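**Q** Please arrange chain P on chain F, whose structure you already have, making use of the hints.
Residue-level listing of the chains:
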Amino acid sequence: MKTEIVAMILAGGQGTRLGKLTRETAKPAVPFGGRYRIIDFTLSNCTNSGIYNVGVVTQYQPLELNEHIGNGAAWGLDRRNSGVKILQPYSSADGEKWFRGTANAIYQNLAYIDSQNPEYVLILSGDHIYKMDYMEMLEFHKERNPALTVAVIPVPIEEASRFGIMNTDSTMRVIEFEEKPKEPKNNLASMGIYIFNWPILRRYLVEDQAKARQLEDFGKHVIPSFLKNGENIFAYSFDNYWKDVGTIESLWEANMDFINPRHELNIRDQSWRIYTKTIALPPQFITRKAKVKYSMLVDGCYIAGEVYHSILSKDVKVGEGSKVTNSIVMAGATIGKNVEVAYAIIGENAHIADNAQVIGTPDSIEVVGYSEVIGGLKDEEA
Amino acid sequence: MKRHKLCAILNLSKNFEELKPLNKNRPVAALPFGCRYCIIDFMLSSISHAGIDSVALFIEKSGRSIYDHIRSAREWDMDSAITGGTFTFSQQRWKHRHFMENNHGQDYYGDHRLFMKKSRAGYVVVMSGEYVLNLDIDAVVQHHFTTPADITVVYQNVPAEQFGKKAHLKFLEIDEKGVATNLKEAAPEDKKLAMNTEIYILKIDTLNEIMDRANADGVYADVGEVLTAYLPMYHVNAFEYTGYLAGIDSVDAYYDRNMEMLEEAHFNSLFHSSKPVITRSKNGAPTFYAEESEVREAQCATGCEIYGKVYHSLLFRDVVVEQDAAVENSIIFAGGKIGRGAKLDYVILDKAVTVDEGVELCGTRDAILVVPKNTHVTKEWRP
Chain F
1044 MKTEIVAMIL AGGQGTRLGK LTRETAKPAV PFGGRYRIID FTLSNCTNSG
1094 IYNVGVVTQY QPLELNEHIG NGAAWGLDRR NSGVKILQPY SSADGEKWFR
1144 GTANAIYQNL AYIDSQNPEY VLILSGDHIY KMDYMEMLEF HKERNPALTV
1194 AVIPVPIEEA SRFGIMNTDS TMRVIEFEEK PKEPKNNLAS MGIYIFNWPI
1244 LRRYLVEDQA KARQLEDFGK HVIPSFLKNG ENIFAYSFDN YWKDVGTIES
1294 LWEANMDFIN PRHELNIRDQ SWRIYTKTIA LPPQFITRKA KVKYSMLVDG
1344 CYIAGEVYHS ILSKDVKVGE GSKVTNSIVM AGATIGKNVE VAYAIIGENA
1394 HIADNAQVIG TPDSIEVVGY SEVIGGLKDE EA
Chain P
20 MKRHKLCAIL NLSKNFEELK PLNKNRPVAA LPFGCRYCII DFMLSSISHA
70 GIDSVALFIE KSGRSIYDHI RSAREWDMDS AITGGTFTFS QQRWKHRHFM
120 ENNHGQDYYG DHRLFMKKSR AGYVVVMSGE YVLNLDIDAV VQHHFTTPAD
170 ITVVYQNVPA EQFGKKAHLK FLEIDEKGVA TNLKEAAPED KKLAMNTEIY
220 ILKIDTLNEI MDRANADGVY ADVGEVLTAY LPMYHVNAFE YTGYLAGIDS
270 VDAYYDRNME MLEEAHFNSL FHSSKPVITR SKNGAPTFYA EESEVREAQC
320 ATGCEIYGKV YHSLLFRDVV VEQDAAVENS IIFAGGKIGR GAKLDYVILD
370 KAVTVDEGVE LCGTRDAILV VPKNTHVTKE WRP
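Protein sequences appear in the order of chains F and P.
Taking this note's numbering, the leading residue of the first sequence gets 1044, the next gets one more, and so forth.
Taking this note's numbering, the leading residue of the second sequence gets 20, the next gets one more, and so forth.
A few of these clues could be false.
Beta-carbon label-pair distances, calculated as ranges [to be verified]:
# : chain 1 : residue 1 : chain 2 : residue 2 : range
1 : P       : Y86       : F       : H1306     : 52 to 58 Å
2 : P       : Q342      : F       : K1228     : 47 to 53 Å
3 : F       : N1114     : P       : D130      : 31 to 37 Å
4 : P       : Q342      : F       : Y1133     : 53 to 59 Å
5 : F       : A1116     : P       : S288      : 48 to 54 Å
6 : F       : G1119     : P       : D130      : 29 to 35 Å
7 : P       : Y86       : F       : K1254     : 56 to 62 Å
Computed list of lysine-lysine pairs in PhoX-like fashion (alpha-carbon distance at most 25 Å, straight line) [claimed, not checked]:
#  : chain 1 : residue 1 : chain 2 : residue 2
8  : F       : K1320     : P       : K301
9  : F       : K1320     : P       : K294
10 : P       : K211      : P       : K189
11 : F       : K1128     : P       : K189
12 : P       : K189      : P       : K39
Worth flagging that the hints you see were computed from the coordinates, not collected in a lab.
No experiment lies behind these values; they were computed from the predicted model shown.
Note that the Cβ used here is the ideal one computed from N, Cα and C, for glycine as well.
In isolation and in its complexed conformation, chain F is listed as follows:
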């Protein structure tokens, strides 16, 4: 059976700079915005774009991610002849095969893509928060029919040296690619979203394996190799909200921005809904003494204290006399009585005992790890 397009979501990244939050889970599985995980945005984009053949390539700490994605039903990806497939590294007669880079991860999953027999392959990253109609990008690609279309986003020129920059001509044809250029000539940053004509990419990857085995990474190896061989590459410009929450501070900041009901992502837009795996929990319970201001809460929360400028995920308890400000509290965390939490990220199922304090600053967000327990001992001793 012929498939027009297969999406491959690269979800193996560790996200080292997220510290405690990615010690035991992959970055795409990191919670965001109260009830989502980062990968929900990419998966929902696939569903909303009408792409139902989706491979999720995992490698680093995949347990939570596998559990979350399951059979893909939450995103409508549990279909008869298509749906989501989780692709993990495997060993074979050739030995163990850890993925050595983004392009290598695709090469190692040649069998999956071949089984779908697509015309195009859409390469996505599971690390970014954005809403995008991939079909519009595919239309762009089909009109020009290059070997590769790269999605790009304009960034402030003074920040361009942190990104992979595409230098284009007036028709958006890519003439040069510079990874983190010291003196950027352009401000169009690669979003790590690629549409390849599959037969071309396949030929490059297979031929390289027979020879030099150098094509490990799309940015570092595949794009330069395409350019060197005169393959056509176009840049597809995207200028809506797009965020790479690579660090604790950027994750915190992106969440704080997300509280705003006029946020660009427009999470309440029924025509482009973000789906996630959920379990049913009782409603949010705000007691007589509680105060909740400029915050977002989801199911199962029980609030007896005060919550300001914060995002609370499911099943979070805030005890009497406690105050949570400018913070993210992840699912299942309990905050005891008379606790103060400010400028912090509280990990899933963490416990902040009565009278404890977790206080960071806007420049140095305090992080409590998953299932970590803070305080409590002093009270028992006393």
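**A** What follows is chain P alone, placed relative to chain F:
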């Protein structure tokens, strides 16, 4: 057939005049409850936790609202490709009339028999669709096997003054051995009475026999009523259910039982037992509480946006309370939009009601104002 396997029959065909207009176009079991649930969720969850995967739903009129909610019943693990499933038998009122006109004297209970036979179960649990509860059906089954009887009936002790007030309630007389019969008359000194919840566990063979008798006697009704009527002919054991139970049979009961969810003891006994209540999730965005909002003693589902005041009230999904609006002592169903400066007190807004800016809607503690589904409440609007 697995001898100890159970299937379930839910009777959703009861209707109550006192629930109007909330029950217009929907069975009681399809009424929303507790901000994000449907009354049927509580029964389906109890059934699901007991590992039952075959459920028959007998519905008085249209089943649309029930189908829309449960779909494949995946959430309750009833969509296995191998066995089980939810089987709906709607338009029972019409079928009853048709039967009386055309098929009188034949088997009225063919649907029940076919469902039970195909379920490959040996036992059946029968429940009535107007109850909110969190029942451990395994415990009732255990009781049924350890104290053998033809039928086990589930009851709850309730204050005696309820007897007489609500004519449809049935009570049981239970002796010291736990054997139950229908109560003929309450003694004046009784403080508590054993209310029959119309939850029964029995062998499928026994139910078939009871349906045979009903056919022979010309009794054509829902099987819950039939079971209640034929109890005296069988050895019946009683199981006391001490958990949360709310019978939703009037607007007052609907209001009071929802509002008492704001009392933690009730809330916890219904929702925080070891058996969580399962419902269909709808991917709502988190609820937004604005800087100028004031929310106290309230429960909210997801998808809401609150800019105004909400006191002692329940908000279902996707409700918007605009600036300077005040919602007090009220229940707002999904999709309600409360305009700027509007005031609501002691009202129930059915689904997707829009209240214009500055409108005041006030019921009282004794006369809750119910605004029907999809109403646009302008300043000129009158109940």
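**Q** Hint by hint, note whether the structure agrees.
**A** Cross-check of the supplied hints:
1. Taking 52 to 58 Å as the suggested C-beta distance range, the pair P:Y86 and F:H1306 does not conform, at roughly 35 Å.
2. Restraint check, P:Q342 to F:K1228: a C-beta distance of roughly 49 Å satisfies the suggested window 47 to 53 Å.
3. Here the CB-CB span from F:N1114 to P:D130 is close to 33 Å, well matched to the stated 31 to 37 Å.
4. Checked against the hint of 53 to 59 Å, the pair P:Q342 and F:Y1133 passes, with Cβ atoms roughly 57 Å apart.
5. Judged by the Cβ atoms, the range 48 to 54 Å given for F:A1116 and P:S288 is violated: they are separated by roughly 31 Å.
6. Our hint of 29 to 35 Å for F:G1119 and P:D130 holds, since their Cβ atoms are close to 33 Å apart.
7. Checking the proposed 56 to 62 Å range against P:Y86 and F:K1254 shows it holds: the Cβ atoms sit about 60 Å from each other.
8. At roughly 10 Å between alpha-carbon atoms, F:K1320 and P:K301 fall within 25 Å of each other, so this suggested pair holds.
9. Straight-line distance between C-alpha atoms of F:K1320 and P:K294 comes to about 20 Å, which keeps the hinted pair within the 25 Å bound.
10. For the hint linking P:K211 to P:K189, the alpha-carbon distance of about 13 Å falls within 25 Å, and the restraint holds.
11. Simply put, F:K1128 and P:K189 have alpha-carbon atoms about 54 Å apart, too far for the 25 Å limit, and the pair is violated.
12. Between P:K189 and P:K39 the CA atoms are separated by roughly 22 Å; this keeps the pair inside 25 Å, and the hint holds.
Consistency note: the structure conflicts with the earlier hints numbered 1, 5, 11.
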